[in-house]
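In order, the protein sequence lines correspond to chains A and B.
Using our numbering, you'd call the opening residue of the first sequence number 9 and step up by one each time.
Using our numbering, you'd call the opening residue of the second sequence number 3 and step up by one each time.
Don't read these hints as lab results, they were simulated from the structure.
Keep in mind that a hint or two might mislead.
Unchecked claim - Below, a sample of chain B positions facing chain A; criterion: calculated Cβ distance under 7 Å:
id: 1; residue: Ala196
id: 2; residue: Leu198
id: 3; residue: Ile309
id: 4; residue: Cys314
id: 5; residue: Glu315
id: 6; residue: Ser317
id: 7; residue: Phe321
id: 8; residue: Glu339
Said to hold, decoys possible - The following residues of chain A were derived to be distant from chain B, with all beta-carbon distances above 12 Å:
id: 9; residue: Leu35
id: 10; residue: Ser75
id: 11; residue: Phe81
id: 12; residue: Ser114
id: 13; residue: Asn121
id: 14; residue: Ala123
id: 15; residue: Gly138
id: 16; residue: Ser182
id: 17; residue: Asp221
id: 18; residue: Asp223
id: 19; residue: Asn257
id: 20; residue: Asn281
id: 21; residue: Ala291
None of these values were measured; they are calculated from a predicted model.
Quick reminder that beta carbons are idealized off the backbone N, C-alpha and C, glycines included.
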Amino acid sequence: MKHLLSTEDLSSDQAIALLDLADEMALVNEREVKKLPTLRGKTVVNLFFEDSTRTRVSFELAAKRLSADLINFSAKGSSVSKGESLKDTALTLAAGGVDAFVIRHSASGAPFNLAHNGWTNVPVVNAGDGTHEHPTQALLDAMTMRQRLHGMANTRGKNLDGVRVAIVGDILHSRVARSNLHLLKTLGADVTLVAPPTLMPRTEEFAASHSFDFDEVLAQPLDVVMMLRVQSERMNAAFFSNEREYSRNWGLTSERFEKLSSETVIMHPGPMNRGLEICSEAADSPQSAIVQQVANGISVRMAVLYSLISGEHND
Amino acid sequence: MTNFVLQNATLPNGTVCDIRIDSGIIVEMGSGLSADEVTDCSGLQVLPGLVDLHTHLREPGFEQSETVLTGTQSAALGGFTAVHAMANTMPVADNAGVVEQVRALGERAGFAEVFPIGAVTVALEGKQLSEIGAMANSAANVRVFSDDGKCVSDPLIMRRALEYVKGFDGVIAQHAQEPRLTEGAQMNEGAVSAKLGLTGWPAVAEESIIARDVLLAEHVGARLHICHLSTAGSVEIIRQAKARGVAVTAEVTPHHLLMTEDLVTSYNAVYKVNPPLRTNEDVLALRAALVDGTIDIIATDHAPHPIEAKDCEWSAAAFGMVGLETAASVAQLVLIESAESTWQRVADVLSHAPARIGQDPNQGQAIEVGSTANIAVIDPSVTRTIEAKTASKSVNNPYSGLKLPGAVVHTIFRGRFTVRDSALVLGGAR
């Protein structure tokens, strides 16, 4: 594994190895001195062409806890706003001696271009590209599911065989949904996608187990329900009529939350629109893993950066 | 050398004979002909000089991508003796001045006849008819009008344009793309776009415009040409319209006959084109339609772009690919190597029919005594590996690395060699 561009590229063994390593990294994050010397002298560039404080900070913490030097490059206030191309930005930064690029970009496939167009030969980590993928999010979600469903002390080597997961929301535009779909399938989970028909890709891969009816899905036993953020721009493009109707039909409202088994884990990649796709009762409940997801994000990104830069786990 | 013989050439109908050319005209056909110079064409296929109804020469305005000179040189190497230059230049070819200039640049270059296509609407904006009459009456004698790259989406403007050009037997070449259904569209809408997270360009956006326009053409009794058909559904609409007697013609590009959306999974923008590469079912339907006559012509939609417009993230990249020097090979692959059709059909789809649609005098004529000597000579027996670099200024070449059948050996334009032994005759036809 030279790059992490898509969870589709991960075999079950590779994914489990990364998750096991992330669990090890989590132990570091619980120490008083939260730092490993493993990537000392290595330089990681955070290339963020899209606003994302959460993911950027998570990668930043991950790199720093591994003792790597980190450069934050964001499109705002940089030469990109003056019209410099992705290629020239990459060439310029790579010329400074870089050991890995972490890239967030609004264009689907931009990390793929960075990795394969011959602009650089260092590892590239996709931190979210357009409406394509967000592989570290899927890894941290899988890590969270393993912890919740198998128990914190009992995660090593485990997959997610038979785990029933519903992913609810704007599947069409969600990079989180795509990455989760690939990874959860690889790990053996049973995934149901729930969305309005306008926000569900009309293809067999996605249609394999989809529903337009959230209540019908909730009536079946579920181990995990993952709510996706509703982007405000969708409301102006006739994907659905308005927020209230969306919430009534596809939101985890308090009524739906009350009917949910207390064993069902509630997840959300954040940031949440409370009251729209998820009610506060659900988000703040003991069965919510939302904060745990954020913490696991750092551990997963440490594992990914370590694996790619140190060259271990390569095959 | 104005007096020469092509010896033992194989005609589109399969007969073998000598062709004597004098002062730009085919003057004699038969056996044992002699002249100042004799070129052995044994085993070679001759075709009437190829005619491209859809070429982007980029001049004026985008000379970093292509010029009339380099574009027509690439055309000559592809066996073409005429190209129709699309109107989306800068300034736009929406007035007599620009079309006359483009026509004159073609004559000066001398590698192929350049027929400028006029814009249907001012600045391709789809709002107001351009000076269609002035372009038709100009020295460029424009007969084909298109806002290619943009769809004439307003049904009233489209109706008026179709009616207006009836006065001089002109034709509107429609780029069929419903704009609202393709906002931000990046590739074919389907399984691959869903997976790649690229905004889909649904087949229905093409088909709904074609369906509307064949009805409009039928209503006003005008000629309509549909550019670059890309879907199986479009083929069906054209087939039904022709059965009803609508005066509609249709083109397909070499790349839509050969390539599918699966190539996009590389995010390599050399495969970004509009309309997008579609599915294998679409490719098969387009091939069948080319064989059975539902589709009238192959047109290249040769669309050169500089490196920086392609070596970037997909959504930032330009649409389009070059294709002048591979079109004949794709035609051979689809019509001949498949054993589905004949060289006569190749001559139809790459020469006779496009010249007829474009109303081109002295192009697309049969190879017979009295015709203007516009001739392409092809060696069908070779297989060549395509290189990215062609005579075009641009290298956005999706055929690079592919093995294709056939090679253009000679191109004769107005009785002179523009290409001899697969190399440009520099100085052109002057």
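Results for each hint:
1. Hint status for Ala196(B): holds, given a least beta-carbon distance of 3 Å to chain A, under 7 Å.
2. Taking 7 Å as the C-beta cut-off, the interface hint given for Leu198(B) holds, the closest approach to chain A being about 6 Å.
3. The closest approach between the C-beta of Ile309(B) and any C-beta of chain A is roughly 10 Å, which is over the 7 Å cut-off, so the hint fails.
4. Evaluation of the Cys314(B) hint against chain A yields a held restraint, the C-beta minimum of about 6 Å falling below 7 Å.
5. Taking 7 Å as the C-beta cut-off, the interface hint given for Glu315(B) holds, the closest approach to chain A being about 4 Å.
6. Annotation: interface hint on Ser317(B) holds; nearest CB of chain A at approximately 4 Å, less than 7 Å.
7. Of the supplied interface hints, the one on Phe321(B) is violated, with its beta-carbon coming no nearer than about 15 Å to a beta-carbon of chain A, more than 7 Å.
8. For Glu339(B), the interface hint is violated, since its Cβ never comes within 7 Å of a Cβ in chain A; the closest pair sits about 32 Å apart.
9. For Leu35(A), the shortest C-beta to C-beta distance to chain B comes to about 35 Å, beyond the 12 Å cut-off, and the non-interface label holds.
10. For Ser75(A), the requirement that its beta carbon stay farther than 12 Å from each beta carbon of chain B is met, with the minimum near 32 Å.
11. Residue-level check passed: Phe81(A) sits 16 Å from the nearest beta carbon of chain B, beyond 12 Å.
12. With a cut of 12 Å on Cβ distances, Ser114(A) falls inside the contact zone with chain B, its closest approach being about 8 Å.
13. The beta carbon of Asn121(A) sits about 5 Å from the closest Cβ of chain B, which is not more than 12 Å, so the claim that it is off the interface is violated.
14. With 12 Å as the threshold on Cβ separation, the claim that Ala123(A) sits away from chain B is violated: the shortest Cβ distance comes to roughly 10 Å.
15. Separation of Gly138(A) from chain B is inadequate, the least Cβ-Cβ distance of about 5 Å not exceeding the 12 Å criterion.
16. Its closest Cβ contact with chain B, about 9 Å, brings Ser182(A) to no more than 12 Å, contrary to its assignment away from the interface.
17. Even its closest Cβ contact with chain B, about 21 Å, leaves Asp221(A) beyond 12 Å, as expected for a residue assigned away from the interface.
18. Under the 12 Å C-beta cut-off, the non-interface status given to Asp223(A) relative to chain B holds; the minimum distance is some 25 Å.
19. Interface exclusion of Asn257(A) from chain B stands, the closest Cβ pair being 22 Å apart, more than 12 Å.
20. The Cβ of Asn281(A) lies farther than 12 Å from every Cβ of chain B, with a closest approach of about 21 Å, so its non-interface assignment holds.
21. The Cβ of Ala291(A) sits about 27 Å from the closest Cβ of chain B, beyond the 12 Å cut-off, so the non-interface label holds.
The earlier numbered hints that this structure contradicts are 3, 7, 8, 12, 13, 14, 15 and 16.
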